[in-house]
Amino acid sequence: MYTMMIECYDIEPKIEHYGCIVDMLARAGMLEEAKRFMEKMSMEPNGVVWRMLVNACRVHGDSRLGLSSVDKLMEANKSSVMATEDRVLCANVFAETERWNEVLHERTIIVSQKDPKEAGISSILTQ
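Counting along the sequence shown from 1, when you hit position 98 you're at 104 in the working numbering, and nothing is skipped either side.
I should point out that these hints are in silico values taken from the structure, not numbers from a laboratory. Mixed in with the good hints, there may be bad ones.
[Stated by the list, open to error] Per label pair, the in silico range of CB-to-CB distance:
#1 Glu18 with Glu104: 41 to 49 Å
#2 Thr9 with Thr90: 33 to 41 Å
#3 Asp77 with Gly126: 22 to 30 Å
#4 Tyr15 with Ala89: 32 to 40 Å
#5 Ser48 with Glu81: 16 to 24 Å
#6 Met30 with Leu110: 30 to 38 Å
#7 Ile12 with Gln133: 27 to 35 Å
#8 Gln119 with Tyr8: 35 to 43 Å
#9 Gly126 with Ser85: 26 to 34 Å
#10 Gly67 with Thr132: 21 to 29 Å
#11 Asp77 with Lys120: 23 to 31 Å
#12 Met30 with Ser128: 24 to 32 Å
#13 Tyr8 with Asn107: 39 to 47 Å
[As the list claims (entries may be wrong)] Straight-line alpha carbon distances no greater than 16 Å define the calculated EDC-like cross-link-like pairs of lysine to aspartate or glutamate that follow:
#14 Lys41 with Asp68
#15 Lys20 with Asp68
#16 Lys84 with Glu50
#17 Lys46 with Glu18
#18 Lys120 with Asp77
#19 Lys20 with Glu45
#20 Lys41 with Asp29
#21 Lys41 with Glu91
#22 Lys78 with Glu38
#23 Lys78 with Glu45
#24 Lys78 with Glu50
In this text, a Cβ means the ideal position worked out from N, Cα and C, and glycines have one as well.
Please build the complete structure, drawing on both the sequences and the hints.
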């Protein structure tokens with residue numbers, strides 16, 4: 007479909023298209039394929055795309071790729087204040103790999119930003 011988009015319909019892929027493909031590959035556990043696809047993108051992956059890969063690495067237990075992707079996620083967010091959810095994700099990857107100093111660093115920043123991640127609320131109505 008991606009190839010058809012470019013070759014048949016002459017549509018220039020945008021970051022959203024790349025993100026969808028990375029997310030699809032990553033959710034399917036094809037982490038190395040997702041990483042290779044990101045390396046071939048015609049633009050630099052943004053923080054959202056890196057977040058998709060980092061999260062999938064956590065889900066699928068690939069701590070090596072997860073750690074290297076955390077570095078890229080932090081790099082991608084260098085020019086702006088890193089979102090709390092990205093910091094939480096990074097702290098979780100660091101915790102899973104027993105990098106406690108990095109966990110403490112990220113958690114300290116989260117608290118100092120005074121914008122901690124809010125807990126979600128769900129409700130179910132039954133009749």
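Here is what the structure says about each hint:
no.: 1; hint: Glu18 with Glu104: 41 to 49 Å; verdict: 43 Å, holds
no.: 2; hint: Thr9 with Thr90: 33 to 41 Å; verdict: 37 Å, holds
no.: 3; hint: Asp77 with Gly126: 22 to 30 Å; verdict: 28 Å, holds
no.: 4; hint: Tyr15 with Ala89: 32 to 40 Å; verdict: 34 Å, holds
no.: 5; hint: Ser48 with Glu81: 16 to 24 Å; verdict: 19 Å, holds
no.: 6; hint: Met30 with Leu110: 30 to 38 Å; verdict: 35 Å, holds
no.: 7; hint: Ile12 with Gln133: 27 to 35 Å; verdict: 50 Å, violated
no.: 8; hint: Gln119 with Tyr8: 35 to 43 Å; verdict: 37 Å, holds
no.: 9; hint: Gly126 with Ser85: 26 to 34 Å; verdict: 29 Å, holds
no.: 10; hint: Gly67 with Thr132: 21 to 29 Å; verdict: 36 Å, violated
no.: 11; hint: Asp77 with Lys120: 23 to 31 Å; verdict: 26 Å, holds
no.: 12; hint: Met30 with Ser128: 24 to 32 Å; verdict: 26 Å, holds
no.: 13; hint: Tyr8 with Asn107: 39 to 47 Å; verdict: 40 Å, holds
no.: 14; hint: Lys41 with Asp68; verdict: 12 Å, holds
no.: 15; hint: Lys20 with Asp68; verdict: 28 Å, violated
no.: 16; hint: Lys84 with Glu50; verdict: 13 Å, holds
no.: 17; hint: Lys46 with Glu18; verdict: 14 Å, holds
no.: 18; hint: Lys120 with Asp77; verdict: 24 Å, violated
no.: 19; hint: Lys20 with Glu45; verdict: 15 Å, holds
no.: 20; hint: Lys41 with Asp29; verdict: 11 Å, holds
no.: 21; hint: Lys41 with Glu91; verdict: 21 Å, violated
no.: 22; hint: Lys78 with Glu38; verdict: 15 Å, holds
no.: 23; hint: Lys78 with Glu45; verdict: 12 Å, holds
no.: 24; hint: Lys78 with Glu50; verdict: 11 Å, holds
When each numbered hint is compared with the structure, violations occur for hints 7, 10, 15, 18 and 21.
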